[in-house]
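Chains as they are written, first to last, in the working numbering: chain A, 4 to 306; chain B, 5 to 642.
Keep in mind the hints are simulated off the structure, nothing from the lab. Please note: incorrect hints may appear among the correct ones.
[Claimed, not checked] Far from chain A, by Cβ distances over 12 Å, these chain B residues were calculated:
{"hint": "1", "residue": "A126"}
{"hint": "2", "residue": "R194"}
{"hint": "3", "residue": "D276"}
{"hint": "4", "residue": "R411"}
{"hint": "5", "residue": "N463"}
{"hint": "6", "residue": "E466"}
{"hint": "7", "residue": "V587"}
{"hint": "8", "residue": "P610"}
{"hint": "9", "residue": "A625"}
[Stated by the list, open to error] For lysine-lysine, the following DSS-like pairs were computed, each having C-alpha atoms within a straight-line distance of at most 25 Å:
{"hint": "10", "chain 1": "B", "residue 1": "K332", "chain 2": "A", "residue 2": "K52"}
{"hint": "11", "chain 1": "B", "residue 1": "K288", "chain 2": "A", "residue 2": "K52"}
{"hint": "12", "chain 1": "B", "residue 1": "K290", "chain 2": "A", "residue 2": "K13"}
{"hint": "13", "chain 1": "B", "residue 1": "K573", "chain 2": "A", "residue 2": "K58"}
Where a beta carbon is used, it is the ideal one built from N, C-alpha and C, also for glycine.
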Amino acid sequence: MNSYNLTHLKQLEAESIHIIREVASEFKNPVMLYSVGKDSAVMTHLALKAFYPAKPPFPFLHVDTTWKFKEMIAFRDNYVKNELGIELLVNINQEGLKLGIDPSENSDRHTEVMKTDSLKQALNQYGFDAAFGGARRDEEKSRAKERVFSFRDKFHRWDPKNQRPELWNLYNSRVNPGESIRVFPLSNWTELDVWQYIYLENIPIPELYFAKILPVVWRNGTWIHLNDDRLKLKPGEKIENKMIRFRTLGCYPLTGGVESAAATLPEIIQEMLLTTTSERQGRVIDKDGGGAGMELKKTQGYF
Amino acid sequence: MSHQSELIATDILAYLEQHERKELLRFITCGSVDDGKSTLIGRLLYDSKMLYEDQLAQLETESKVHGTTGGGFDPALVTDGLKAEREQGITIDVAYRYFSTAKRKFIIADTPGHEQYTRNMATGASTADLAIILIDARYGVLTQTKRHSFIVSLLGIRHVVVAVNKMDLVGYSQDRFDEICRDYRNFVSRLDLPDLHFIPIVALHGENLVDPSENMPWYRGTTLMNFLETVYIGSDRNLEDFRLPIQMVNRPNLDFRGFCGTLASGIIRQGDPIMVLPSKRTSKIKRIVTQDGDLSEAFCSQSITLVLEDEVDCSRGDMIVRPGNVPKISNAFDATIVWMSSDALVPGKTYLFKHTTQTVSGQIDSLKYRVDVNSLHRTPAPVLQLNEIGRCSVTLSQPIYFDAYRRNRFTGSFIIIDRISNTTVGAGMISDRDSAKQPTAAWENTESQTVDGQQQISNVSETERESRFGQKAATVLFTGLNGTGKSTLARALERSLFEDGRAVAVLDGDLTRKGVNVDLGYSVEDLSENLRRSAHVAKLFNEHGLICLAAFVAPNQSVRERVAELIGKDRFLTIYCTAKESVRTTRGLSRAEPSAANNVSMYEPPEDPDMVLDTSDLSVAECVSAIVELLRARQVIR
Numbered sequence: 004m005n006s007y008n009l010t011h012l013k014q015l016e017a018e019s020i021h022i023i024r025e026v027a028s029e030f031k032n033p034v035m036l037y038s039v040g041k042d043s044a045v046m047t048h049l050a051l052k053a054f055y056p057a058k059p060p061f062p063f064l065h066v067d068t069t070w071k072f073k074e075m076i077a078f079r080d081n082y083v084k085n086e087l088g089i090e091l092l093v094n095i096n097q098e099g100l101k102l103g104i105d106p107s108e109n110s111d112r113h114t115e116v117m118k119t120d121s122l123k124q125a126l127n128q129y130g131f132d133a134a135f136g137g138a139r140r141d142e143e144k145s146r147a148k149e150r151v152f153s154f155r156d157k158f159h160r161w162d163p164k165n166q167r168p169e170l171w172n173l174y175n176s177r178v179n180p181g182e183s184i185r186v187f188p189l190s191n192w193t194e195l196d197v198w199q200y201i202y203l204e205n206i207p208i209p210e211l212y213f214a215k216i217l218p219v220v221w222r223n224g225t226w227i228h229l230n231d232d233r234l235k236l237k238p239g240e241k242i243e244n245k246m247i248r249f250r251t252l253g254c255y256p257l258t259g260g261v262e263s264a265a266a267t268l269p270e271i272i273q274e275m276l277l278t279t280t281s282e283r284q285g286r287v288i289d290k291d292g293g294g295a296g297m298e299l300k301k302t303q304g305y306f
Numbered sequence: 005m006s007h008q009s010e011l012i013a014t015d016i017l018a019y020l021e022q023h024e025r026k027e028l029l030r031f032i033t034c035g036s037v038d039d040g041k042s043t044l045i046g047r048l049l050y051d052s053k054m055l056y057e058d059q060l061a062q063l064e065t066e067s068k069v070h071g072t073t074g075g076g077f078d079p080a081l082v083t084d085g086l087k088a089e090r091e092q093g094i095t096i097d098v099a100y101r102y103f104s105t106a107k108r109k110f111i112i113a114d115t116p117g118h119e120q121y122t123r124n125m126a127t128g129a130s131t132a133d134l135a136i137i138l139i140d141a142r143y144g145v146l147t148q149t150k151r152h153s154f155i156v157s158l159l160g161i162r163h164v165v166v167a168v169n170k171m172d173l174v175g176y177s178q179d180r181f182d183e184i185c186r187d188y189r190n191f192v193s194r195l196d197l198p199d200l201h202f203i204p205i206v207a208l209h210g211e212n213l214v215d216p217s218e219n220m221p222w223y224r225g226t227t228l229m230n231f232l233e234t235v236y237i238g239s240d241r242n243l244e245d246f247r248l249p250i251q252m253v254n255r256p257n258l259d260f261r262g263f264c265g266t267l268a269s270g271i272i273r274q275g276d277p278i279m280v281l282p283s284k285r286t287s288k289i290k291r292i293v294t295q296d297g298d299l300s301e302a303f304c305s306q307s308i309t310l311v312l313e314d315e316v317d318c319s320r321g322d323m324i325v326r327p328g329n330v331p332k333i334s335n336a337f338d339a340t341i342v343w344m345s346s347d348a349l350v351p352g353k354t355y356l357f358k359h360t361t362q363t364v365s366g367q368i369d370s371l372k373y374r375v376d377v378n379s380l381h382r383t384p385a386p387v388l389q390l391n392e393i394g395r396c397s398v399t400l401s402q403p404i405y406f407d408a409y410r411r412n413r414f415t416g417s418f419i420i421i422d423r424i425s426n427t428t429v430g431a432g433m434i435s436d437r438d439s440a441k442q443p444t445a446a447w448e449n450t451e452s453q454t455v456d457g458q459q460q461i462s463n464v465s466e467t468e469r470e471s472r473f474g475q476k477a478a479t480v481l482f483t484g485l486n487g488t489g490k491s492t493l494a495r496a497l498e499r500s501l502f503e504d505g506r507a508v509a510v511l512d513g514d515l516t517r518k519g520v521n522v523d524l525g526y527s528v529e530d531l532s533e534n535l536r537r538s539a540h541v542a543k544l545f546n547e548h549g550l551i552c553l554a555a556f557v558a559p560n561q562s563v564r565e566r567v568a569e570l571i572g573k574d575r576f577l578t579i580y581c582t583a584k585e586s587v588r589t590t591r592g593l594s595r596a597e598p599s600a601a602n603n604v605s606m607y608e609p610p611e612d613p614d615m616v617l618d619t620s621d622l623s624v625a626e627c628v629s630a631i632v633e634l635l636r637a638r639q640v641i642r
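Next comes chain A alone, as it looks inside the complex:
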């Protein structure tokens, strides 16, 4: 490589910054969907770079299902809101909250009401015409075909059969009132790229990613952490203390941990490279509805 070549991470970084700037320039009212996870951490970092020395010219939105790990909420408030001083919007579906759905009992319904509906609620309320998301194409089959600028109709639906062609780095940002674009600046990043970038750029991430002894129960083939006193034990389940960490972060009753001793970033990366199961495997929601589960959820408006 001569001196005028970028490494793959620098190339991905430059392309993501280009995308983020396009959105800030072409949309009237964009928002960055912030989920507190590692992908959101990278996206936040890229947004800071894109507008340096200014702050990102759009708010962040966190859809709080009220079942997130408490460490996620603390990280969100300490880092994004207080340290970075970014305008942070939090949406909780108050109507949904009244239904009192227990995610352990009905994960589908919980995701639909507290996540999908809540997101649509917030998008409608603020009238956002573009929303950044941290999804990557390597995560899951149906995502492999999703555009960087992914059109949503006024009901926030994605139509996989009718996507806009996307060529070069020319993104079509035209929408009619009520319609919107989901923008995925990390489309071309892989899980390894994300971790490596976090390591190289020293990006803060929640401590849940690092292995630690935690109280857990064995449920649905994975370790579920008793993050607060709301998790009801099922018959036969017993609380154990295990050294575990989380590969993805979400609602704690639906996010399984893996037994691990990885306490540093290189150790996490090492473990990831040597592991034999995919990242989303710990997530309960992908398995609903068989192989096409995620595609179905997305056409309904799930991120």
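Put chain B on the given structure of chain A with help from the hints.
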């Protein structure tokens, strides 16, 4: 996802350091499921250990249900195959796959070979550095191979690997491999594919993918994976022409004003003089700002923020360049357009054109011709339908700053957006040549050239040549619609004159279009330009004493007159070929070549031809002897 590296387990920090220095290579795979495309991609992912156990377990289950390998592992299912996608009703579209090795990270744009191929392939190819074109060794170069290669060439991909697959089914035959390479080379000589490679493989067994095949000891080249890891792509990028399309102005406070953008091409350094387009105001680079600290220089594809020495007006859509290296600035240009909407392209309709960071309204003034992606033939067409490709002239409501696509992928490309539906309906690549104005200009140049073209071009005089050849040089133009026997007559007359000891040459319009006029289409302008260039060739023949027999449709009276003037009226003869329509159509049908020349209404019969021949009544021999008589009468031959 165990990468094949011992370092992961033994020394993760060393591994990470190695992987920090990787380059990115994007490629597209062209071929259909039947060629083994899904198998190839599945293999690359599988062999580079990019599949997890749960994914593999799912695949093994699917292999039993849908697989084609008798229940064994079917790598084709990794990419969930076109058929499976159809069954589930999932969209048939461009899908992106990722894998990496110790040397590079790869992004594969996986496009289906069948339906919607042009739109999807163009999309996938637009960002690719390299294309893998798959050929089934049993069937060789097929129509689809040709159309894939054409689109690859059109989208400016410089590196092509032709993977000749299923070599096991042709007995690992080197002769068969060589034959396919030859056929392919012959075909692509008409395209712009500067870097071609051929690798014989068996994707299903992984032969010559990662490890060399033991069954093909005659192949001494590199494996596909090794090639992908090492092919040099650095020189593809344009580092010469500094172009920074401005995305946004960053103004957090009164003390800072930065111009943000991604370098489309070139290199820029602190202190360099610059010019802002369209204002043409100049200044110097004060700082190149990034969050990681100021840079002393920035280059192609970096996203940066520039601070200038002076207060210069500059906003989104403007472009910062060097004062001595400025792109073209115009609101009119020619472009090749790929149409991507089921609503046809309509010349004259207003669309939005997004080019770099500006979106401008405009229209396609005229569709010069359509290219058939299977045969590469050019045909006149009133509209462009979905998946069709055409050469168009475009006029915008305001100027843009552009380079030819061949020179600059980012300042030479644009997308077309429908103003009502807001969808992306087309993609365009700006041409080098502005053919809209050229033909007239070139004809006019010609006249001035002929005036001072009196100077002696040779030490051998015309009289000397006449006495040597026993003839006077002349050009005989056979004009008429397609199927009237122009070429046939020219060839027969050539034979007759040659046997009579004459020095004679044939100039055939169909053939000049494959060589000297390969860049021309069938618009009125291009037909005129075709004749102008051919007339110069005929003139050269004449100046060297030859009788030139020229078979051209030449539908336009005024153009024929210009040809006559250029060559010299005293040695120019026009033979008007006609034929009954039924005869003409039958003859014309046997020819693949499309032409405005079939259009009776566009053809102007010569006002004063030297001879009219109805070839549906007369035999070829009768026509030839009639023309020979004419040449005698005019003292061309004695």
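Here is how each hint holds up against the structure:
Under the 12 Å C-beta cut-off, the non-interface status given to B:A126 relative to chain A is violated; the minimum distance is some 7 Å. At roughly 24 Å from the closest C-beta of chain A, the C-beta of B:R194 stays outside 12 Å, upholding its exclusion from the interface. The beta carbon of B:D276 sits about 16 Å from the closest Cβ of chain A, which is more than 12 Å, so the claim that it is off the interface holds. Listed as a non-interface residue, B:R411 keeps its Cβ farther than 12 Å from every Cβ of chain A; the least gap is roughly 15 Å.
With a closest Cβ-Cβ approach of about 53 Å to chain A, B:N463 is found to remain outside the 12 Å limit, as its non-interface label requires. The beta carbon of B:E466 sits about 56 Å from the closest Cβ of chain A, which is more than 12 Å, so the claim that it is off the interface holds. Listed as a non-interface residue, B:V587 keeps its Cβ farther than 12 Å from every Cβ of chain A; the least gap is roughly 46 Å. At roughly 47 Å, the least C-beta separation between B:P610 and chain A is larger than 12 Å, which holds for a residue marked as non-interface.
Listed as outside the interface, B:A625 is consistent with that label: its C-beta sits roughly 57 Å from the nearest C-beta of chain A, beyond the 12 Å cut-off. For the suggested pair B:K332 and A:K52, the alpha carbons sit about 32 Å apart, so the restraint of at most 25 Å is broken. Distance hint between B:K288 and A:K52 is fulfilled; the C-alpha atoms sit about 24 Å from each other, no more than 25 Å. For the given pair, B:K290 sits about 23 Å from A:K13 by alpha-carbon distance, which is consistent with the 25 Å threshold.
Between B:K573 and A:K58 the alpha-carbon distance is near 76 Å, which puts this suggested pair outside the 25 Å criterion.
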